[in-house]
Amino acid sequence: MVLQVVAPPQYFFGSLLSGAVLLGALVYSPRTTALVGAVGVLLLLGLDLWNGVGFDPQLTGAIITLAVVTGLAVLLSYARHRTLLQLSRVRAVAVTAQRALLRPLPERLGTLRLAGFYRAADDEALIGGDLYSVQPTPFGVRVLVGDVRGKGLGATETVATVLAVFREAAVTYPALPDVASRMDQALAIDRETLATGPDLEEMFTTAVLMEFPEDRPVVRVLDRGHPPLLLLAPDGVSLAHTEPGLPLGLSELASFETPTQTFELPPDRVLVAYSDGVTEARGPDGGFYPLSQRMYERFVRTTSADRDAAARPTEVARFIQRDVVDYARSLDDDMVVVAIRHEARDSARAEGPPALTPPSPHPVSPAPPD
338 MVLQVVAPPQ YFFGSLLSGA VLLGALVYSP RTTALVGAVG VLLLLGLDLW
388 NGVGFDPQLT GAIITLAVVT GLAVLLSYAR HRTLLQLSRV RAVAVTAQRA
438 LLRPLPERLG TLRLAGFYRA ADDEALIGGD LYSVQPTPFG VRVLVGDVRG
488 KGLGATETVA TVLAVFREAA VTYPALPDVA SRMDQALAID RETLATGPDL
538 EEMFTTAVLM EFPEDRPVVR VLDRGHPPLL LLAPDGVSLA HTEPGLPLGL
588 SELASFETPT QTFELPPDRV LVAYSDGVTE ARGPDGGFYP LSQRMYERFV
638 RTTSADRDAA ARPTEVARFI QRDVVDYARS LDDDMVVVAI RHEARDSARA
688 EGPPALTPPS PHPVSPAPPD
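Going by my numbering, the letters in the sequence shown line up with residues 338 to 707, in that order.
Derived by calculation from the structure, the hints in this document are not laboratory data. Values in this document were obtained by computation on a predicted structure and should not be read as measured data. Honestly, I wouldn't trust all of these hints.
[Unchecked claim] The calculated label-pair distances, taken between Cβ atoms and stated as ranges, are:
(1) 423 with 372: 23 to 29 Å
(2) 593 with 625: 36 to 42 Å
(3) 427 with 501: 20 to 26 Å
(4) 424 with 622: 37 to 43 Å
(5) 666 with 360: 51 to 57 Å
(6) 638 with 462: 18 to 24 Å
(7) 427 with 514: 38 to 44 Å
(8) 459 with 666: 52 to 58 Å
(9) 430 with 356: 36 to 42 Å
(10) 424 with 619: 33 to 39 Å
Don't be surprised by glycine CBs; every beta carbon is placed ideally from N, CA and C.
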């Protein structure tokens, strides 16, 4: 309008207001869009009075055009607003469904303190091909960390099967091999009932099943082809040397049973389970992320004050989450990390109920057999 006032009479800029109304429809609500159009009409009427030349066909045509464009812009804004509202509702339902599938990790469960993080490869998804679950049972707290073949949304269906069966089997079967066997059966059923395809022939999940009895500071581990557990102690980082079996879903390829192994887990150690999305993150030089080495440098080669932090799963999980992002050029795979510490029973009781809201070569000594 300033241009119209200062420009010679033969130039007319009032039609630019129609463009402003259309742009407003892409940003504002229908009511605000109508208000923008109404203000434009009033400005044109004011311009007519300012000129004082009476009836101006050009100006009158601009007012009529702006009124029509405003009506169309309001309809466009209404359609856009309605679509965004529907999309918001769909996203809310999707978020609720995904969170019901992959439940938040409890901070405390019995004598255990837990922390971790989860990152899906798909930026628009909360869940990818990695998984975890924590389940209190009559046999102790049982924890599952796994990695479905594939990544992103394409692996979510298998994730749903594995998690649902684990939660049911964990409270039913006294032995971890029986829990794993039930999960094997579920994946086999999925292969038979789902539509055929090349990916179904390779439907499997690497997994590590852990059991933490309440009466002993130990962890029982069943490894089904998953990356080895790490144990962080005040004097070093070590691997839990397990005897891995075939991934879940491939048990028909071999007849042997994967043994359950028991390891001591005193209160000054933190057990770290993770997926290969963490250790296969590549740095600028193309090298893989050295998880155990980075943990050693951060929590062992430190002051005594920082060593105290090493016994807190929250600090361990936060460090890994920040460090792998800083290290890698890009993260294109799902990632999960779960850090667990077994507290002394007296300490756990004193703090109240659960809140639901190069590496050092120290070998892990198996605990005495049950």
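Original post:
Does the Cβ distance between residue 593 and residue 625 fall inside 36 to 42 Å?
Top reply: Roughly 30 Å apart at Cβ, these two residues miss the hinted range, so it is violated.
Subject >> CB-CB spacing for residue 514 and residue 427 relative to the 38 to 44 Å hint >> reply: 41 Å Cβ-Cβ, so the 38 to 44 Å window holds.
Original post:
Could one say that the CB atoms of residue 638 and residue 462 fall in the range 18 to 24 Å?
Top reply: Cβ of residue 638 to Cβ of residue 462: about 37 Å, so the range 18 to 24 Å is violated.
Original post:
So the hint says 23 to 29 Å: do the beta-carbon atoms of residue 423 and residue 372 match that?
Top reply: holds (24 Å)
Original post:
Between residue 666 and residue 360, does the C-beta distance stay in 51 to 57 Å?
Top reply: violated (38 Å)
**OP:** Given the hint of 33 to 39 Å, check if residue 424 and residue 619 actually sit that far apart at their C-beta atoms.
**Re:** 34 Å Cβ-Cβ, so the 33 to 39 Å window holds.
Original post:
Is 36 to 42 Å right for how far apart the beta carbons of residue 430 and residue 356 are?
Top reply: Distance hint for residue 430, residue 356 holds at roughly 37 Å.
Original post:
If you check the beta carbons of residue 459 and residue 666, does the distance land in 52 to 58 Å?
Top reply: Between residue 459 and residue 666, where Cβ atoms are some 18 Å apart, the hint is violated.
**OP:** Go ahead and decide if the range 37 to 43 Å is satisfied by the Cβ distance of residue 424 to residue 622.
**Re:** holds (41 Å)
Original post:
Per the hint of 20 to 26 Å, is the separation of the Cβ atoms of residue 427 and residue 501 within bounds?
Top reply: holds (23 Å)
Violated hints, in rising order: 2, 5, 6, 8; the structure is consistent with all others.
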